[in-house]
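*Asks:* Listed below are the residues making up each chain.
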Amino acid sequence: MSTVATASDPTRHFFQPIIVCLTVASVALTLFVIWISLHDLSLMRAGREKFVGLDNYVRFFGDPRAMAALWRTVLFTTLATVIEIALGLAVVLFLDRDFAMKRLVRTLLLVPIIMTPVVVGLTWRFLFDPASGMANYLLSLAGISQVDWLGSPQVALFSVLIADIWQWTPFVILLVMAALESAPTDPLDAARVDGAREWQVTWYVLLPMLRRALAIVALIRAIDSIKAFDLFYIMTRGGPALSTETLNYYGYIVAFTNFDISYALAIAIILTIFTNVALLTMYSVLFPKAGER
Amino acid sequence: MAKLSIRSVSKSYGAVRVLNDVSVEVEEGSFVVLLGPSGCGKSTLLHAIAGLNPIDSGAIVIGERNVTNLPARERDVAMVFQSYALYPTMSVAENIAFPLKMRGFDRKTSTDKVEAVARLLQIEPLLGRRPRELSGGQRQRVAIGRALVRDPRLFLFDEPLSNLDAALRTELRAEIKRLHQSIRKTMVYVTHDQTEALTLADKIVVLKAGKIEQIGTPLSLYDDPDNAFVAGFIGSPRMNFLRASVVDSGKAVTVGDARVDISHLATRLENGQDVMLGIRPEHLDEKQGVELALAVDVTERLGSTAYVHGVLPSGETVVAERREDQPRFGETITLRFVPGRTCVFDAQGARIR
Amino acid sequence: MARRALFYVGLLLLLLAVLFPLYWVVVTSFKTTRDAFAIPPVWLFSPTLENYRTVFANRGFLSAFANSFIISILSSALAVAIGSIAAYGLAQQPAALRRSKEKFILSLRIAPALLFVIPMYYLATRIGALNQHWLLIAAYAFVNVPFAISLLITFFDDIPKELRDAARVDGAREFSVFWHVYLPAARGGIVATLILCVLFTWNEFFVALVLTGRNTQTLPVSITSFLTFQGIQWGALTAAATLIMLPMIVLGVLVQGQIVRGMTLGSVKG
Numbered sequence: 001m002s003t004v005a006t007a008s009d010p011t012r013h014f015f016q017p018i019i020v021c022l023t024v025a026s027v028a029l030t031l032f033v034i035w036i037s038l039h040d041l042s043l044m045r046a047g048r049e050k051f052v053g054l055d056n057y058v059r060f061f062g063d064p065r066a067m068a069a070l071w072r073t074v075l076f077t078t079l080a081t082v083i084e085i086a087l088g089l090a091v092v093l094f095l096d097r098d099f100a101m102k103r104l105v106r107t108l109l110l111v112p113i114i115m116t117p118v119v120v121g122l123t124w125r126f127l128f129d130p131a132s133g134m135a136n137y138l139l140s141l142a143g144i145s146q147v148d149w150l151g152s153p154q155v156a157l158f159s160v161l162i163a164d165i166w167q168w169t170p171f172v173i174l175l176v177m178a179a180l181e182s183a184p185t186d187p188l189d190a191a192r193v194d195g196a197r198e199w200q201v202t203w204y205v206l207l208p209m210l211r212r213a214l215a216i217v218a219l220i221r222a223i224d225s226i227k228a229f230d231l232f233y234i235m236t237r238g239g240p241a242l243s244t245e246t247l248n249y250y251g252y253i254v255a256f257t258n259f260d261i262s263y264a265l266a267i268a269i270i271l272t273i274f275t276n277v278a279l280l281t282m283y284s285v286l287f288p289k290a291g292e293r
Numbered sequence: 294m295a296k297l298s299i300r301s302v303s304k305s306y307g308a309v310r311v312l313n314d315v316s317v318e319v320e321e322g323s324f325v326v327l328l329g330p331s332g333c334g335k336s337t338l339l340h341a342i343a344g345l346n347p348i349d350s351g352a353i354v355i356g357e358r359n360v361t362n363l364p365a366r367e368r369d370v371a372m373v374f375q376s377y378a379l380y381p382t383m384s385v386a387e388n389i390a391f392p393l394k395m396r397g398f399d400r401k402t403s404t405d406k407v408e409a410v411a412r413l414l415q416i417e418p419l420l421g422r423r424p425r426e427l428s429g430g431q432r433q434r435v436a437i438g439r440a441l442v443r444d445p446r447l448f449l450f451d452e453p454l455s456n457l458d459a460a461l462r463t464e465l466r467a468e469i470k471r472l473h474q475s476i477r478k479t480m481v482y483v484t485h486d487q488t489e490a491l492t493l494a495d496k497i498v499v500l501k502a503g504k505i506e507q508i509g510t511p512l513s514l515y516d517d518p519d520n521a522f523v524a525g526f527i528g529s530p531r532m533n534f535l536r537a538s539v540v541d542s543g544k545a546v547t548v549g550d551a552r553v554d555i556s557h558l559a560t561r562l563e564n565g566q567d568v569m570l571g572i573r574p575e576h577l578d579e580k581q582g583v584e585l586a587l588a589v590d591v592t593e594r595l596g597s598t599a600y601v602h603g604v605l606p607s608g609e610t611v612v613a614e615r616r617e618d619q620p621r622f623g624e625t626i627t628l629r630f631v632p633g634r635t636c637v638f639d640a641q642g643a644r645i646r
Numbered sequence: 647m648a649r650r651a652l653f654y655v656g657l658l659l660l661l662l663a664v665l666f667p668l669y670w671v672v673v674t675s676f677k678t679t680r681d682a683f684a685i686p687p688v689w690l691f692s693p694t695l696e697n698y699r700t701v702f703a704n705r706g707f708l709s710a711f712a713n714s715f716i717i718s719i720l721s722s723a724l725a726v727a728i729g730s731i732a733a734y735g736l737a738q739q740p741a742a743l744r745r746s747k748e749k750f751i752l753s754l755r756i757a758p759a760l761l762f763v764i765p766m767y768y769l770a771t772r773i774g775a776l777n778q779h780w781l782l783i784a785a786y787a788f789v790n791v792p793f794a795i796s797l798l799i800t801f802f803d804d805i806p807k808e809l810r811d812a813a814r815v816d817g818a819r820e821f822s823v824f825w826h827v828y829l830p831a832a833r834g835g836i837v838a839t840l841i842l843c844v845l846f847t848w849n850e851f852f853v854a855l856v857l858t859g860r861n862t863q864t865l866p867v868s869i870t871s872f873l874t875f876q877g878i879q880w881g882a883l884t885a886a887a888t889l890i891m892l893p894m895i896v897l898g899v900l901v902q903g904q905i906v907r908g909m910t911l912g913s914v915k916g
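Protein chains in written order, with the working numbering: chain U, 1 to 293; chain A, 294 to 646; chain Y, 647 to 916.
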């Protein structure tokens, strides 16, 4: 009996070089980033950096501006994710029937998603213009007093939130809609035959079938909200009075306004760790049983 | 055209042995069918012959060439797949020409060969179409054409008719048979359908759980199975297996009250040994012989004949063919069989001859 | 009947909420400054192309258009070319190996852009690459490759494995299988991936904000120049905004079926 030498699989040559490149690039980048964050590298005085150990990390936790930004990120991410999921699911259930132009509605829902985020920011800044914006005009029609949407520290974060919700709820709608349409309808009919009322069918049969899609879209939205930048840059630039400065935005300011790139990278690393912890927590909450399909 | 030797081939996926020391000799120009239930390893074996799956040990020799370590493209075999595997973006003509293109044939030769094959398979009008515009039967003809076009040493068929409806299956089966008779190439054909195996094969290899159960001609497998698995797998409806026990110092067995003479067997069994007596449904409708009483449960009428499902006094269920009368539920009928038409198996299922 | 009417009223409100902001921007771009800021808003007006004239007179904007075009097309083509080769190889691997590589690729997309933009900026300033197109093309290709791989794998998965087996038996080398069988069969998916990459690159702001110089500014960065200290030129701004998003909306509608799939990166299947 001869032993057969395992012939080398040529398909490996297709992906290995690229995976190796990506691995090398990401490892090199990670090491470089960590190295920088342990020094006090500044673009203002290049070439005179020295090793400072964990100073940048210690500094972070004693930096009230950073802590406020972290808290704001948590608030923004939680609100954006929860509202977008809830609103999106409500719209999906509302649209779950046959009607003329369903395809057209779907196409139109795509528009906010593919709109350039910078343009979305400008659009909402325009609508929120205190003197001549549409938002205040509508409020005046309803007899409500004017709101300084982007100029008031108490309101600005929520104004940005509205723009984010406007852009990304359609994404939730489309994804959950797709999941709904690929789900089998027999169990729903079975439940109806078994005597369930419509709300019971929705609650006990339909929603559990959509759980997976909802969980995934929630994860995606959470990741993106943590990293949100464009809307903040365009609509408020972190203001007024830092009231809309998220951690990601603060990192940008530290790096490219203060040119303190060591501290900025320490912030970026903390943000990454924070993102991963949040995701893992969310993941274990959303997918409680390991290996569940 | 070449003979094919499969020598002690084994393969495992993790802890699962899908091929266990399989050896088959295929004579030049013959038609061999690998038959077995799903998961028996027949497709794995075919893929191993094609060079699509590496094997763990053993050797595969086509003609005089040991191809065990050669990639598929150097083995000079052609294969027809269950799912047709036509290239969706190429026309029928391009599909058939693809193996020639890969071998660097010039355009002119290639076109001539494609046309010749299309003529042979009567698919000339389809040459300009795309696979998705064809029916299932047409697609499989094109797939056969793609296999034929470059005159390989060996043809492999992987359940080529399983995706077709019953009528088409019969038609294409006959066509494959005709094709083999006219070109006399070595063909290896995988199926789980015994009718295909019995009608097409010169030789059938029955596989179960990665091991060969029996190799033989269709007739020998039917008349003279080596074990209960082959006996049960070939023949429809399947063979009845009845509990029996040896009496008369090995000259007979008892099935319930009936005594069945087995003195024709070469092996002498011991009194009291438990065996299984296998009787095919079509052998239970003799004019005379050993009698069994059957309480009728259901009768399936198939026109010229009928199959009666019922229960013996022992509680064992039996299917019997019935040509003259068609009993109803609740009746009790008498089945008769000739001892010489039965097979005796030991408790492990091995045939006792 | 009343329920039905109620449904359509609801639908109308939904569409109004989704489309009004877009409508308002496009409409404003055709208004004179006086009409644009009139309160109450002017619904009927005589359109003017004045704002578009302003935008087209702005050399920065025109060169930004060219930059965006070149950078997004080239980096996307590069990413799809590299990505399709890798995706083909990965699609043929056993599930366990494939899974671990896919996880790695996905993890590359979770890190905030800040993490790689800062070191890239730092290195670029040192070698003086900040004002070069290739820097952005490379940066976006780096961002798009993992995305292209994850998405293309799902398209290659849709191609039956037997096609590869058939081609190998028919005498094809691995690269021929990829080139003659898989690429044509996944053509639709490859075009969709390319368009999604272009869409993403065209719309991307953060990386561009940091890494573009005066000569390489892309559209999203360039448009912020209308947000001047003297105030916002809303007329020109809305015209520029319309010009930026219009090509993407057309492209997006072309590949609408793939967008949700692309944005979830095949993570739906688990």
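Incorrect hints may appear among the rest.
[Unchecked claim] The following label-pair restraints were derived from C-beta to C-beta distances:
(1) U:P17 <-> A:R471: 30 to 36 Å
(2) U:A190 <-> A:N456: 26 to 32 Å
(3) U:S243 <-> Y:D804: 46 to 52 Å
(4) A:R310 <-> Y:G834: 54 to 60 Å
(5) A:R471 <-> Y:V899: 51 to 57 Å
(6) A:E318 <-> U:P17: 42 to 48 Å
[As the list claims (entries may be wrong)] Now the stretches of chain U that chain Y is said to cover, found in silico as 3 or more residues with beta-carbon under 8 Å:
(7) 27-35
(8) 277-286
Simulated from the structure, these hints should not be mistaken for lab results.
Just so it is clear, the structure is predicted and the values come from calculations on it, not from any experiment.
Every residue gets a Cβ at the ideal spot worked out from N, C-alpha and C, and that includes glycine.
*Asks:* Decide, hint by hint, whether the structure agrees.
*Replies:* Each hint tested on the structure:
1. Between P17 (chain U) and R471 (chain A), the C-beta spacing of about 50 Å breaks the proposed range 30 to 36 Å.
2. Checking the proposed 26 to 32 Å range against A190 (chain U) and N456 (chain A) shows it holds: the Cβ atoms sit about 31 Å from each other.
3. Checked against the hint of 46 to 52 Å, the pair S243 (chain U) and D804 (chain Y) passes, with Cβ atoms roughly 48 Å apart.
4. Between R310 (chain A) and G834 (chain Y) the beta carbon distance is about 41 Å. The supplied range of 54 to 60 Å is therefore violated.
5. Here the CB-CB span from R471 (chain A) to V899 (chain Y) is close to 54 Å, well matched to the stated 51 to 57 Å.
6. Take E318 (chain A) and P17 (chain U): their Cβ atoms lie about 44 Å apart, and the range 42 to 48 Å holds.
7. With 3 residues having a Cβ less than 8 Å from any Cβ of chain Y, the region 27-35 of chain U passes the three-residue criterion, so the hint holds.
8. Residue count for the region 277-286 of chain U with a Cβ under 8 Å from a Cβ of chain Y: 1. That is fewer than the three needed, and the coverage hint is violated.
Hint compliance for this structure: hints 1, 4, 8 are broken, all remaining hints hold.
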